[in-house]
Amino acid sequence: MSINLEVTNGESFDAIVVGTGMSGGWAAKELTEKGLKTLVLERGRDVKHVKDYPTMNKNSWELPYRDQLTAKERKDYYVQIRTGYTVKQSTKHWWVKDTEQPYNEKKGNFDWIRGYHVGGRSLLWGRQVYRWSKIDFEANAKEGISIDWPIRYKDIEKWYDYVENFIGISGMKEGLSQLPDGKFLPPMEMNCVEKDFRNNLLNKFGRTYTIGRVAHTTIPHKGRGACQGRNLCIRGCPYGAYYSSNSSTLPAAESTGNMKLRPNSIVHSIIYDDEKNKAVGVRVIDSETLEMKEFFSKIIFLNASTVNSTLIMLNSKSKRFPNGFGNDSGELGHNLMDHHFKAGARAKMDGYEDSYYYGNRPNSGYLARFRNLKNKEMNYLRGFGYQGGARRDGWFRAAEEGFTGQDLIDIAIKPGEWSMGLNAFGEILPYHDNKMYLDNNSLDKWGMPTVVFETEIKENEKKMREDMKNSAAEMLEACGFKNVEPYDNFYSMGNGIHEMGTARMGNNPKNSILNKWNQVHSAKNVFVTDGSCMTSASCVNPSITYMALTARAANYAVNELNKRNL
Amino acid sequence: MKRREAFKNLSLFVYGSLTLPASSLLNSCSPVSKEVNWNPKYLNAEEAFFLTEISNTIIPNTEFPGAIAVGVPSEIENYIFNVFEDDKIQSFRGELNQLDKYLNNLNSNKSFYESTLREKTKILNDLQKNLDKKSYREMYINLKSTVATSYFRSEVGATQVLKYNGPSVVLGSYKGCVPLEDVGKTWAI
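Protein sequences appear in the order of chains A and B. Residue numbers for the first sequence follow the working numbering, so the first one is 3 and each next one is one higher. Residue numbers for the second sequence follow the working numbering, so the first one is 80 and each next one is one higher.
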């Protein structure tokens, strides 16, 4: 296919937001609520809350092939299935077909897991929400790694409050400096074995295992229903009980009357006016008609997700920016990070035979980071936290443990032993040579250059993985579990679906792309507030930080606009 | 599809009636009708019949409708032949045929098919207890797992036999630590 290059002169807006996911929804809400006429662009199709969740109420017997992809379908989703859990019959409509959206892995695997539709991955995320702490923002400077963050915890603290109050986070206050408390709705409950582990862990190790802090409304919240314990979140929630743009920020933006949402709009590049010395708009490929359109605005927010925002910037070449938009430093596309995981331990526990849980909890427990908190005490830098919880074996054991007929049924209907797993999520350092760039000789079906990845984990992560595995086993062992099995399964970059860092923030335009307000150093009316802005990765799930940075940047942008500084 | 047809023919040749031991033919004084109550799309008549017989023995009707009543054999066929890669399909069929031969030739006087449900149950339970027959036992447990999975994902299995926690019931908020008797049975999901 070829693009119709006859450009239609588009409309003008106060602001353009590129992307409708985790951070784009926030940019749309904040800018429209502050009175800006805002065009919100989404490369995928429209998805309306509830109406467009086709599988949300499907029972197991109503889903073909035991909810698994067919062998033929797996060929279409050859990268997306690398997670092992995301693409099913009940969710396949959310993920890109890799056969239609190819990219290249030149060194190592990079699992680029994506959903292109209104709401993006805010519909599909794990919903775990942890604030960054002081040590996360200070670590690079303290250790002389990469470059310093241009902000500290105190700069973002009130924006965490602000975002959490709106989206609804359930959790328990623990008073830990490495895992700051937030504005919490009532916590979800731990089960008996998890409570037992929490107490033992605190007594024996002084470490904290808390209930996962999640973007779920455990009580009705701002017009959204309370979580009903279905744990079918990834299909879309009829109660709106977890945060997605579709259920939360986009309706808020819509209600201002200031938003124009345009799905099927692939942003090709940012238009830079060499005479005005500023960005003036974006070029868009209509994914259905292949027409190229231009839209103009005073400010632009890039929230297309880490890789796609970086792709757009690298593809935005002008006289002023021959190497990609805002890329005077040459760092654009570099320092790609993720969280490495799939190392930990699992174990069984005797007892608690008369205890069970009621319903499906869309959450697990979280064991807060305990390594290198004050000083370097290990043979690696930074740390990790664990996600994990306990449950009883289900009916599946009946085939092995039971005979036939009534005996098999009798075993199936009796819950089995308790087991518990701890799966670590560790910090990956920013490495200049973990990078993405564009292949201009290999275009996708819309004529956009394809992305090439070169990534790997290095010694620091490998040493950390040893500890992730051994510490989990040690803690489970000491806390009364049996049959402890440590594991370190294969992890490849991207598999954590926490990609970040390719347009990092920094104080110095010579080694960073964005300043402390997420503005492009050399084009101040362009803000990038998705994962690409991250200067380091921490070990906690990143989405809430993208949201807080977005709200903060939007507030700053509107103030600057009003002062006529942009 | 062509490859699957090829496997079908191949397995007929390797595992089908051509290779059945003469003894079983001689002793089958009352030939068993190998009709099934579903329409196999991929399995041959012998394979479909064996799958049906063994499914019915693993989960016969109890106070609940059993595997045949809820359509387990056709669900298994549909699942295996669409979800598995070709080599896995081939090994599933291979195991099905090996188990078929093994079970039907255990007793030279009476094949598995000719046995009563009570006798069939004993044959399968004896195999499960017999750790010397490691590979047949493993084939049997694998097949039994897929029968059980099919059954417990069915509407009867999930909602009548087990305690259902899928979307057709609204459970309300999660409770972490309750007496087992308040739930009663294993959750279906």
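Simulated from the structure, these hints should not be mistaken for lab results. Please read these numbers as outputs of a predicted model, since none were measured by experiment. Possibly wrong hints are sitting among the right ones.
[As the list claims (entries may be wrong)] Counterexamples of contact, computed for chain B against chain A with all Cβ distances above 12 angstroms:
id, residue
1, Glu114
2, Asn118
3, Asn123
4, Glu125
5, Phe128
6, Asp165
7, Asn188
8, Glu193
9, Lys199
10, Lys242
[Claimed, not checked] In silico lysine-lysine, DSSO-like type, Cα no more than 30 angstroms apart, as pairs:
id, chain 1, residue 1, chain 2, residue 2
11, A, Lys344, B, Lys254
12, A, Lys416, A, Lys108
13, B, Lys167, A, Lys77
14, B, Lys213, A, Lys90
15, B, Lys242, A, Lys60
16, B, Lys242, A, Lys484
17, A, Lys175, B, Lys254
18, A, Lys109, A, Lys484
19, A, Lys39, A, Lys77
20, B, Lys167, A, Lys484
21, B, Lys254, B, Lys242
22, A, Lys39, A, Lys300
23, A, Lys460, A, Lys447
24, B, Lys167, A, Lys53
25, B, Lys264, A, Lys90
26, A, Lys197, A, Lys471
27, B, Lys167, A, Lys90
28, A, Lys99, A, Lys376
29, A, Lys94, A, Lys108
30, A, Lys300, A, Lys109
31, A, Lys512, A, Lys108
32, A, Lys74, B, Lys167
33, A, Lys512, A, Lys144
34, A, Lys197, B, Lys264
35, A, Lys77, A, Lys60
36, B, Lys113, A, Lys416
37, A, Lys94, B, Lys167
38, A, Lys175, A, Lys471
39, B, Lys201, A, Lys60
Beta carbons are placed, not taken as given, at the ideal position from N, Cα and C, and that holds for glycine.
Structure-based check of all given hints:
Its beta-carbon lying about 23 angstroms from the closest one in chain A, B:Glu114 satisfies the requirement of being farther than 12 angstroms from that chain. With a least beta-carbon separation of about 17 angstroms from chain A, B:Asn118 lies farther than 12 angstroms from that chain, consistent with its non-interface assignment. Interface exclusion of B:Asn123 from chain A stands, the closest Cβ pair being 21 angstroms apart, more than 12 angstroms. Every beta carbon of chain A lies more than 12 angstroms from that of B:Glu125, the smallest distance being close to 22 angstroms; the non-interface claim holds.
The Cβ of B:Phe128 lies farther than 12 angstroms from every Cβ of chain A, with a closest approach of about 18 angstroms, so its non-interface assignment holds. Non-interface call for B:Asp165 relative to chain A: violated, since the shortest CB-CB distance, roughly 8 angstroms, does not exceed 12 angstroms. For B:Asn188, the non-interface assignment is confirmed: its Cβ lies about 23 angstroms from the closest Cβ of chain A, beyond the 12 angstroms cut-off. Separation of B:Glu193 from chain A is adequate, the least Cβ-Cβ distance of about 18 angstroms exceeding the 12 angstroms criterion.
A cut-off of 12 angstroms between C-beta atoms contradicts the statement that B:Lys199 is not in contact with chain A; the least separation is 9 angstroms. At roughly 8 angstroms, the least C-beta separation between B:Lys242 and chain A is not larger than 12 angstroms, which violates its mark as non-interface. Distance hint between A:Lys344 and B:Lys254 is fulfilled; the C-alpha atoms sit about 28 angstroms from each other, no more than 30 angstroms. Restraint check for A:Lys416 and A:Lys108: not satisfied, since their Cα atoms lie roughly 50 angstroms apart, outside the 30 angstroms limit.
The straight-line distance between the Cα atoms of B:Lys167 and A:Lys77 is roughly 16 angstroms, inside the 30 angstroms bound, and the hint therefore holds. This hinted pair does not check out: B:Lys213 and A:Lys90 have alpha carbons roughly 34 angstroms apart, beyond 30 angstroms. At roughly 17 angstroms between alpha-carbon atoms, B:Lys242 and A:Lys60 fall within 30 angstroms of each other, so this suggested pair holds. Between B:Lys242 and A:Lys484, the direct Cα distance comes to roughly 28 angstroms. Compliance with the 30 angstroms bound is thereby established for this hinted pair.
Distance check on the hinted pair: A:Lys175 and B:Lys254 sit about 19 angstroms apart at the alpha-carbon level, within 30 angstroms; holds. With a C-alpha separation of about 40 angstroms, the suggested pairing of A:Lys109 with A:Lys484 is violated against the 30 angstroms cut-off. Among the hinted pairs, A:Lys39 with A:Lys77 is inconsistent with the structure: their alpha-carbon atoms are about 43 angstroms apart, more than 30 angstroms. With a C-alpha separation of about 34 angstroms, the suggested pair B:Lys167 and A:Lys484 falls outside the 30 angstroms cut-off, and the hint is violated.
Under the criterion of a C-alpha separation no larger than 30 angstroms, the hint pairing B:Lys254 with B:Lys242 is consistent with the structure, at around 15 angstroms. With a C-alpha separation of about 10 angstroms, the suggested pair A:Lys39 and A:Lys300 falls inside the 30 angstroms cut-off, and the hint holds. For a cut-off of 30 angstroms, the pair hint linking A:Lys460 to A:Lys447 is broken: about 35 angstroms separates their Cα positions. With a CA separation close to 39 angstroms, the supplied pair B:Lys167 and A:Lys53 exceeds the 30 angstroms bound.
The hinted pair formed by B:Lys264 and A:Lys90 meets the criterion: a straight-line CA distance of about 27 angstroms does not exceed 30 angstroms. Restraint check: the Cα-Cα separation between A:Lys197 and A:Lys471 comes to about 22 angstroms, which is no more than 30 angstroms; the hinted pair holds. With a CA separation close to 20 angstroms, the supplied pair B:Lys167 and A:Lys90 stays within the 30 angstroms bound. As the CA atoms of A:Lys99 and A:Lys376 are separated by approximately 45 angstroms, the hinted pair breaks the 30 angstroms bound.
Between A:Lys94 and A:Lys108 the alpha-carbon distance is near 27 angstroms, which keeps this suggested pair within the 30 angstroms criterion. The suggested pairing of A:Lys300 with A:Lys109 is violated, with an alpha-carbon distance near 39 angstroms, which exceeds 30 angstroms. Of the supplied pair hints, the one linking A:Lys512 and A:Lys108 holds, its CA atoms being roughly 27 angstroms apart against a limit of 30 angstroms. Straight-line distance between C-alpha atoms of A:Lys74 and B:Lys167 comes to about 14 angstroms, which keeps the hinted pair within the 30 angstroms bound.
For the hint pairing A:Lys512 with A:Lys144, the CA-to-CA distance comes to about 20 angstroms; that is within 30 angstroms, so the pair holds. A distance of roughly 22 angstroms separates the Cα atoms of A:Lys197 and B:Lys264; the hinted pair therefore holds under the 30 angstroms criterion. For a cut-off of 30 angstroms, the pair hint linking A:Lys77 to A:Lys60 stands: about 25 angstroms separates their Cα positions. Under the criterion of a C-alpha separation no larger than 30 angstroms, the hint pairing B:Lys113 with A:Lys416 is inconsistent with the structure, at around 36 angstroms.
A distance of roughly 23 angstroms separates the Cα atoms of A:Lys94 and B:Lys167; the hinted pair therefore holds under the 30 angstroms criterion. Straight-line distance between C-alpha atoms of A:Lys175 and A:Lys471 comes to about 27 angstroms, which keeps the hinted pair within the 30 angstroms bound. As the CA atoms of B:Lys201 and A:Lys60 are separated by approximately 38 angstroms, the hinted pair breaks the 30 angstroms bound.
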